[in-house]
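Visitor: In the UniProt record's numbering, the protein residues as written are 1 to 72.
Check before you lean on any hint, since a few could be wrong.
[Said to hold, decoys possible] Cut-off 20 Å, straight-line C-alpha distance, at most; resulting in silico cross-link-like pairs (SDA-like, lysine to any residue):
#1 Lys45 with Glu57
#2 Lys45 with Ser22
#3 Lys70 with Phe54
#4 Lys20 with Glu32
#5 Lys70 with Ile48
#6 Lys45 with Glu27
#7 Lys45 with Ala61
#8 Lys38 with Ser22
#9 Lys38 with Lys20
#10 Lys45 with Phe64
#11 Lys45 with Lys70
#12 Lys70 with Ala58
#13 Lys38 with Phe54
#14 Lys38 with Glu27
#15 Lys45 with Arg56
Everything labelled a hint here was simulated from the structure, so no lab data went into it.
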Amino acid sequence: MAEARLATTSSDSPQIRGSKRSIIRLENLIMEAISNLKEPGGSNKTTIATYIEFSREADVAQAFAEAAMKAL
Numbered sequence: 001m002a003e004a005r006l007a008t009t010s011s012d013s014p015q016i017r018g019s020k021r022s023i024i025r026l027e028n029l030i031m032e033a034i035s036n037l038k039e040p041g042g043s044n045k046t047t048i049a050t051y052i053e054f055s056r057e058a059d060v061a062q063a064f065a066e067a068a069m070k071a072l
């Protein structure tokens with residue numbers, strides 16, 4: 001069985017890896033997906049993940065297009 005490990009600093013005080021802000025951001029993305037999908041019985045993990053993936057790709061594409069227009 002694998003053991004969970006804590007990251008340690010030079011003072012050997014344990015710290016949990018990952019940031020609280022990242023967790024909150026992920027929770028917000030999941031809630032946004034569920035709200036926008038509006039599936040009567042709820043959304044499954046695959047549907048939520050697909051929604052997040054495609055919506056983030058659209059955000060990146062839009063940001064790229066805006067940056068390209070500014071460069072012209």
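Visitor: Determine for every hint whether it applies to the structure shown.
Guide: For each hint, the structure was consulted:
1. Lys45 with Glu57: Distance of about 18 Å is within 20 Å: holds.
2. Lys45 with Ser22: Given that 20 Å is the threshold and the Cα spacing comes to 19 Å, the pair holds.
3. Lys70 with Phe54: Violated: Lys70 and Phe54 sit about 24 Å apart, past 20 Å.
4. Lys20 with Glu32: Roughly 18 Å between the alpha carbons, so the hint for Lys20 and Glu32 holds.
5. Lys70 with Ile48: Between Lys70 and Ile48 the Cα gap is close to 33 Å, so the pair fails against 20 Å, i.e. violated.
6. Lys45 with Glu27: holds, 13 Å
7. Lys45 with Ala61: With a Cα-Cα distance of about 24 Å, the restraint between Lys45 and Ala61 is violated, given a limit of 20 Å.
8. Lys38 with Ser22: Violated, because 25 Å separates the two Cα atoms, which is more than 20 Å.
9. Lys38 with Lys20: With a Cα-Cα distance of about 27 Å, the restraint between Lys38 and Lys20 is violated, given a limit of 20 Å.
10. Lys45 with Phe64: The given pair, whose Cα atoms are some 28 Å apart, is violated under the 20 Å limit.
11. Lys45 with Lys70: Violated - the C-alpha atoms of Lys70 and Lys45 are around 38 Å apart, more than 20 Å.
12. Lys70 with Ala58: holds, 18 Å
13. Lys38 with Phe54: Distance of about 17 Å is within 20 Å: holds.
14. Lys38 with Glu27: Measuring from Cα to Cα gives roughly 17 Å; hence the hint holds.
15. Lys45 with Arg56: holds, 16 Å
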